[in-house]
Amino acid sequence: GDSVTQMEGPVTLSEEAFLTINCTYTATGYPSLFWYVQYPGEGLQLLLKATKADDKGSNKGFEATYRKETTSFHLEKGSVQVSDSAVYFCALSGLGNAGKSTFGDGTTLTVKP
Amino acid sequence: DTGVSQDPRHKITKRGQNVTFRCDPISEHNRLYWYRQTLGQGPEFLTYFQNEAQLEKSRLLSDRFSAERPKGSFSTLEIQRTEQGDSAMYLCASSLGLDSDQFQQFFGPGTRLTVL
Numbered sequence: 009g010d011s012v013t014q015m016e017g018p019v020t021l022s023e024e025a026f027l028t029i030n031c032t033y034t035a036t037g038y039p040s041l042f043w044y045v046q047y048p049g050e051g052l053q054l055l056l057k058a059t060k061a062d063d064k065g066s067n068k069g070f071e072a073t074y075r076k077e078t079t080s081f082h083l084e085k086g087s088v089q090v091s092d093s094a095v096y097f098c099a100l101s102g103l104g105n106a107g108k109s110t111f112g113d114g115t116t117l118t119v120k121p
Numbered sequence: 542d543t544g545v546s547q548d549p550r551h552k553i554t555k556r557g558q559n560v561t562f563r564c565d566p567i568s569e570h571n572r573l574y575w576y577r578q579t580l581g582q583g584p585e586f587l588t589y590f591q592n593e594a595q596l597e598k599s600r601l602l603s604d605r606f607s608a609e610r611p612k613g614s615f616s617t618l619e620i621q622r623t624e625q626g627d628s629a630m631y632l633c634a635s636s637l638g639l640d641s642d643q644f645q646q647f648f649g650p651g652t653r654l655t656v657l
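Chains as they are written, first to last, in this note's numbering: chain A, 9 to 121; chain B, 542 to 657.
These are calculated hints, taken from the structure and not from any lab test. Heads up, the beta-carbon is just placed ideally off N, CA and C, and yes, glycines get one too. Any given hint could be a false lead.
Claimed, not checked - Listed next, with one range per pair, are the computed distances between beta-carbon atoms: (1) B:Asn571 to A:Gly9: 44 to 52 Å; (2) B:Glu624 to A:Asp63: 41 to 49 Å; (3) B:Asp604 to A:Gly9: 17 to 25 Å; (4) B:Arg605 to A:Ala106: 37 to 45 Å; (5) B:Arg653 to A:Ser91: 18 to 26 Å; (6) B:Gln582 to A:Thr28: 21 to 29 Å; (7) A:Leu21 to B:Arg653: 22 to 30 Å; (8) A:Glu50 to B:Gln625: 22 to 30 Å; (9) A:Val90 to B:Glu593: 40 to 48 Å.
Said to hold, decoys possible - Some chain B residues close to chain A (C-beta under 10 Å, calculated; not the full set): (10) Ser599; (11) Ser603; (12) Phe647.
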């Protein structure tokens with residue numbers, strides 16, 4: 009079945025540092041890929057998405073590129089802020105799994121001033 | 542667009558009691574999904590509906606769990622004879638359909654269940 013593997017956390021960075029959170033996947037067919045963010049006590053918010061190979065999703069300074077050849081969708085941000093502290097989930101969804109979302113286990117990011 | 546709403550946001554119950562959660566999807570969305578998220582984990586699929594038809598149930602969904610979506614609008618998730626292991630965040634999501642640009646699911650804020 010489909011699966012998503014995220015780099016193990018937690019990740020602690022200083023403000024303005026560069027962020028990379030790795031995500032790789034296995035899936036049937038050609039899924040869409042997503043990054044969600046979850047702040048403490050809240051639900052999931054879509055951060056960015058990519059629906060086909062080589063697409064780049066971007067939002068709020070975050071970027072991720074759909075790499076079919078390496079089955080990866082790594083999340084990056086050039087300069088993190090304290091307000092970026094949250095849990096980040098990589099996920100996929102597609103025809104091969106009836107549109108259900110399959111999530112990674114999440115990566116907790118803490119940004120220190 | 543009011544988004545996906547869930548009620549209640551928090552529920553504390555005693556072991557053995559029954560609980561019911563409600564999800565109101567985005568009005569034009571015909572697909573509705575339930576997920577469970579335990580601490581430190583990503584959400585796990587429980588079940589989904591297309592309109593009023595329940596099309597798939599995960600093996601995580603024991604006989605104590607039942608979900609309905611009458612008239613293809615809101616959905617309810619009921620847990621009978623709750624156990625402490627049922628403590629989790631229950632997330633609802635909706636989507637338009639299976640067109641490749643529309644795999645995106647819109648998530649509600651979740652219902653946090655605590656079983657004492």
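Hint-by-hint comparison with the structure:
1. B:Asn571 to A:Gly9: 44 to 52 Å: Taking Cβ atoms as reference, Asn571 (chain B) and Gly9 (chain A) lie about 24 Å apart, which means the hint is violated.
2. B:Glu624 to A:Asp63: 41 to 49 Å: Since the Cβ atoms of Glu624 (chain B) and Asp63 (chain A) sit about 43 Å apart, the hinted range of 41 to 49 Å holds.
3. B:Asp604 to A:Gly9: 17 to 25 Å: Roughly 23 Å apart at Cβ, these two residues keep to the hinted range, so it holds.
4. B:Arg605 to A:Ala106: 37 to 45 Å: With Cβ atoms ~24 Å apart, the hint is violated.
5. B:Arg653 to A:Ser91: 18 to 26 Å: This hint holds: roughly 23 Å between Cβ atoms.
6. B:Gln582 to A:Thr28: 21 to 29 Å: Since the Cβ atoms of Gln582 (chain B) and Thr28 (chain A) sit about 22 Å apart, the hinted range of 21 to 29 Å holds.
7. A:Leu21 to B:Arg653: 22 to 30 Å: The hint (22 to 30 Å, Cβ to Cβ) holds, given that Leu21 (chain A) and Arg653 (chain B) are roughly 28 Å apart.
8. A:Glu50 to B:Gln625: 22 to 30 Å: holds, 24 Å
9. A:Val90 to B:Glu593: 40 to 48 Å: Holds, since Val90 (chain A) and Glu593 (chain B) (Cβ atoms, about 45 Å apart) stay within the stated range.
10. Ser599: Since the shortest Cβ distance to chain A is 9 Å, the answer is holds.
11. Ser603: With a closest approach of 19 Å, the Ser603 (chain B) hint is violated.
12. Phe647: holds, 8 Å
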